[in-house]
Amino acid sequence: MKNWVVKILALSMVLVLFVGCSGSDDSSDGANDTVSNDTEEQTDTDSTESTDDASEGDTEEGSVYFLNFKPEIEEVWQKIAKEYTESTGVDVKVVTAAAGTYEQTLRSEIAKSDAPTLFQINGPVGYESWKGYTKDLSDTDLYSWLLDKSLVVTGEDGGAYGIPYVVEGYGIIYNDAIMDQYFASASKSTSYSSMDEINNFQALQAVVEDMTAIKDELGIQGVFASTSFSTGEDWRWQTHLANLPIYYEFKDKGLGDAAEIDLTYGQEYKNIFDLYINNSITKPTLLSSKTVNDSMAEFALGQVAMVQNGNWGWGQINGVDGNVVAEEDVKFLPIYTGVEGEENQGLCTGTENFFSINSQAPEADQQASIEFIEWLFSSDEGKNYVTNEFGFIAPFNTFGDDETPTDPLAKEVLRYMADDSLTSVSWNFTAFPSQQFKDILGYSLLDYAQGTGDWDGVESAFVDGWKDEKAATAQ
Amino acid sequence: MKSTKKRTKFEKPLILFFVFLSAAFLFPIYEIAMNSLKGRFFIADDPFSLPTEETFVGLLNYTEGIGKIGFFQAFGWSIWITVASVAVIIFFTSMTAWYIVRVNNIMTSGLYYLFVFAMIVPFQMVMFTMSKVANILRLDNPFGIIFVYLGFGAGLAVFMFSGFIKSIPLEIEEAAMMDGCNPVQLFFKIIMPILKPTAITITILQTMWIWNDYLLPYLVLGTDYKTIPIAIQYLRGGYGSIDMGAMMAMLVLAILPIVILYLFGQKYIIEGVVAGAVKG
Amino acid sequence: MQKTIKRYFFVFVFPTLLAFIVVFIVPFLMGIYLSFTEFTTVTDSTWVGLDNYIKVFQDPTFVRAMGFTGAFTLVSVISINLLAFMIALLLTRGIRGTNIFRTVFFMPNLIGGIVLGYIWQLILNGVLYKFDRTLTFAPEYGFWGLVILMNWQMIGYMMVIYIAGIQNIPGELNEAAKIDGASRWQILKNVTIPMVMPSFTISLFLTLTNSFKLFDQNLALTGGAPAAKTEMLALNIYNTFYGRTGWEGVGQAKAVIFFIIVAVIALTQLNISRKREVQH
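Chains as they are written, first to last, in my numbering: chain A, 37 to 511; chain B, 168 to 447; chain C, 174 to 453.
For reference, chain A alone in the conformation it holds in the complex:
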């Protein structure tokens, strides 16, 4: 008796293991099989591969798998996904990539049998990497709702492969209350008396350096928040800040992209970067352990007066426990660097967030994904999330004038955009060669800041890195 029991136990355990690994038509033995099966071709953008994979989702309606780029709104996405599933029955899965890892996470996920159906590309450069997976969306409602169709990422055939879903702006966020305190101070040594007078680098530098001198009186620990350089946290400097010299250089040359750059505005880049690190709450040698969150917390807790970031940062300021900054005191200042005529410069506005639909996913999933984002940007519940919880300025005509975000930073962005006397700095970093380029630039900036390198290193990382990476990715 015992004998039989034992045998059955043994065999059933083996069977359980087999059940665990069965379920698809592909057999596993031998490398030969898998190599010849060849289910993934990446040539035509429009071909929808109906693979012989076992069903993706469970329903005929298809399901959605979105790979999110913005960690700061992850929780909201989860809420949205849950609500959408509850009301429509369509399965929505949202996964967020850690800061600085979007490309690699997408690459790893897209190769799986359960790949993202909805993802992002960052612009024309991202499109080049992913064009094998992007679907032409020019005949969708979403496309038709765009206020400015020239912003779309287009392919050589004119199709629309990336739809911008948010307009954002960044600049120097400042705490007006602290600035007022400075202007009213008897110990100040500059003659400026209001923020309106700060409209170029000279003024900014004078005020900031003076504030640093009397920071104790102002009750702050530094004028600027930490220039964060933890791994993956340096995008504000190697991408956003680096945008300014490139914008001006391209403007001079009348270009939108180039295989090589001269960094003609390198000095201006250095100007503002020096200002940041020399008037900071954190000593330069400690910067490699600071994160963007640290910086936003420093601002929220009133320890610093200024922090460079974008309007998406509002959630981070607002959400900090012990936040002491009042909403009406949170304002934007353009990033002045010392360029002639910058008195007319506005904030840096644009987008690097383009939705794409996975053209290799099953047709039903593609449709479900399109329907999902169309719901998000046209239904009342969806628009409420977009405007009030994401705080997005959405570039679609489905949003009325009263359906714009009410957080102070978004309002500032809109104010600057509406001001005709100011010219926005466009987002040219969508033309940056690659993530590798940005990373290397970031390393060189950190070295310079810490004192383990010099500014020449930054310049050569910028110029040589640009050239090398453009060449490498052009293949």
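Note that these hints are calculated values from the structure, not bench results. Accuracy of the hints is not assured; some may be wrong.
The calculated lysine to any residue pairs, modelled on SDA-like cross-linking and capped at a C-alpha distance of 20 Å, are [said to hold, decoys possible]: (1) B:Lys-434 / C:Gly-267; (2) A:Lys-306 / A:Glu-376; (3) A:Lys-118 / A:Asp-416; (4) B:Lys-356 / C:Arg-417; (5) A:Lys-447 / A:Asn-420; (6) A:Lys-503 / C:Gln-231; (7) B:Lys-434 / C:Phe-316; (8) C:Lys-402 / A:Thr-137; (9) A:Lys-129 / B:Gly-237; (10) A:Lys-115 / A:Asp-127; (11) A:Lys-148 / B:Pro-309; (12) A:Lys-148 / B:Trp-376; (13) A:Lys-148 / A:Glu-399; (14) C:Lys-386 / B:Trp-376; (15) C:Lys-402 / A:Asn-354; (16) A:Lys-118 / B:Lys-235; (17) C:Lys-386 / C:Arg-275; (18) C:Lys-176 / B:Val-351; (19) A:Lys-148 / C:Tyr-415; (20) B:Lys-179 / C:Arg-266; (21) B:Lys-235 / A:Pro-107; (22) A:Lys-129 / B:Trp-376; (23) B:Lys-333 / C:Phe-182; (24) C:Lys-386 / C:Ile-366; (25) A:Lys-115 / A:Thr-488.
Pair by pair, the computed Cβ-Cβ distance ranges are [said to hold, decoys possible]: (26) B:Leu-428 / A:Glu-245: 57 to 67 Å; (27) C:Phe-230 / A:Ala-507: 15 to 25 Å; (28) B:Phe-431 / C:Leu-262: 21 to 31 Å; (29) B:Gln-240 / A:Lys-115: 15 to 25 Å; (30) C:Phe-230 / A:Asp-490: 40 to 50 Å; (31) A:Glu-245 / B:Leu-430: 55 to 65 Å; (32) B:Phe-310 / A:Gly-292: 50 to 60 Å.
Some chain C residues judged to face chain A by a derived CB distance under 10 Å, without partners named [to be verified]: (33) Phe-310; (34) Ala-349; (35) Ala-400.
Don't be surprised by glycine CBs; every beta carbon is placed ideally from N, CA and C.
With chain A's structure known, arrange chains B and C on it following the hints.
Structure of chains B and C alone, referenced to chain A:
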């Protein structure tokens, strides 16, 4: 007698030395435990100061952390995967080892050396291809991963079982077979009990490996089914808001089960580890 | 008897073998094949011959990682074994509390890599902060941080192995030597150390391979920062696979090279040590 007298002279200073060394060894653990009770902004810059009235937050970090990373789910997955995998490994590899040792032909010898070979191969060599295979075969879930661990754990386990089995006298088995036992009965009724000490050793080694494993579960399961190491890395990996307080609390919770287990069974664990190393 | 057992192949060997082949052998062979190709998924590859291997050695991060890993391994192996042996010597004198101390020193070994990395990150950053520095300021900081971490984790484990080895020395040998008038140092040199050689072999093997293949702790402590200068080989390979698009083939080639290096080191060390053991 002469020797004991000699030792006593040095005993006191030695004990003192070791007490000091032990404190140094335990210090890191004390550190995170202490910091887990401080508010999240007061940790990174000053980890060595005790919680003061201002900085003490009681169990807030624990509740925050548990919520943020779903610690209990992670704990559950870690337990399930570890226990199930180890059980499966012990069950199947012991049988395999016995077969290989008793049936002596070219194939089994070849198999034996293949298993030994597997122990040297670093994980990076197979990690990419293995995760793709696992994905294709739908093994990328908390059940399939047990199959994966069987494959990976087989090398060491078969090797160690074989070593021990070689020392079991054949007469016992031959006698049993003459009494009419078939091999399966023989194995489970007679051999397995004898294998107990080695089985315990292997259990301990494999448990330590699988419980603390990060990369294999991460590549196979991704973030859909987080084990404790994956959950910790997820909390820290530059992700959204890095809450130092929650981080500390989670580190404490991650260590707790192992430490408790250790305190109860340290005699066995240490003996097992030594036996494992010596046999290797 | 062999013949009877032989028929039960399916029950005894098949499950283990299946898992082993699917999860290990197949990925291993695929890995070798793919190292000669440029691929994005395992089904989509183009043959490029030795191109990847050439790229590997042209990649400055790989060469640097190799140097870093080599240096780290050298320093760690020496320090761990030296310290563990010394402590083992002191703990085999029968002083009171030996068991407690043994328990304490071994405990760090139970804690997993990721958790360990973050614990030490907190402590080291805390200390460095007083000097206005952080762990990722310069690669040397990361290097020594890893060495400290490794020592903390492994000393207890190796100590336990050495203790077992020392305790196995027949008491008569020591007595005989003392009667012959040998000094303590001479006993150490001529009796203890030679008799402990097998433990030394094992310990050397374990510290060597563990240090060289280190991943989890590396990832957690510094993540390779600054500027990938504290990346050890395993982390470098991982980042090549998952961090740079289009470099998967190179990553696989790196993994193959890594495997070869580890295998050579392990086998060479075992060979040399075994030879020395036999003599005694």
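Agreement of Lys-148 (chain A) and Tyr-415 (chain C) with the hint, judged by alpha carbon distance not exceeding 20 Å: Distance of about 14 Å is within 20 Å: holds.
Hey, Lys-356 (chain B) versus Arg-417 (chain C), does the alpha-carbon distance stay inside 20 Å? violated (54 Å)
Given the proposed pairing of Lys-386 (chain C) with Arg-275 (chain C), does the C-alpha separation stay at or below 20 Å? Violated, at about 26 Å.
Under the criterion that the straight-line Cα-Cα distance not exceed 20 Å, is the pair Lys-306 (chain A), Glu-376 (chain A) satisfied? Holds. Lys-306 (chain A) to Glu-376 (chain A) sits at ~16 Å (cutoff 20 Å).
If you check the beta carbons of Phe-431 (chain B) and Leu-262 (chain C), does the distance land in 21 to 31 Å? For Phe-431 (chain B) and Leu-262 (chain C) the Cβ distance comes to about 29 Å; the hint holds.
CA of Lys-386 (chain C) to CA of Ile-366 (chain C), is that 20 Å or under? violated (28 Å)
Has the given pair, Lys-129 (chain A) with Trp-376 (chain B), been kept, meaning a C-alpha gap of at most 20 Å? Since the Cα atoms of Lys-129 (chain A) and Trp-376 (chain B) sit roughly 31 Å apart, the hinted pair is violated (cutoff 20 Å).
With the threshold set at 20 Å, check whether the alpha-carbon distance from Lys-179 (chain B) to Arg-266 (chain C) stays at or below it. OK: Lys-179 (chain B) and Arg-266 (chain C) at ~12 Å, within 20 Å.
If you draw a straight line from the CA of Lys-148 (chain A) to the CA of Pro-309 (chain B), is it 20 Å or shorter? holds (17 Å)
Within a Cα-Cα threshold of 20 Å, do Lys-115 (chain A) and Thr-488 (chain A) meet the stated pairing? violated (45 Å)
Hint consistency between Lys-503 (chain A) and Gln-231 (chain C) [alpha-carbon to alpha-carbon, up to 20 Å]: The hint holds at about 19 Å.
Cβ distance range 57 to 67 Å for Leu-428 (chain B) and Glu-245 (chain A), holds or violated: Cβ of Leu-428 (chain B) to Cβ of Glu-245 (chain A): about 59 Å, so the range 57 to 67 Å holds.
The structure shown violates the earlier hints numbered 4, 7, 12, 15, 17, 22, 24, 25, 30, 34.
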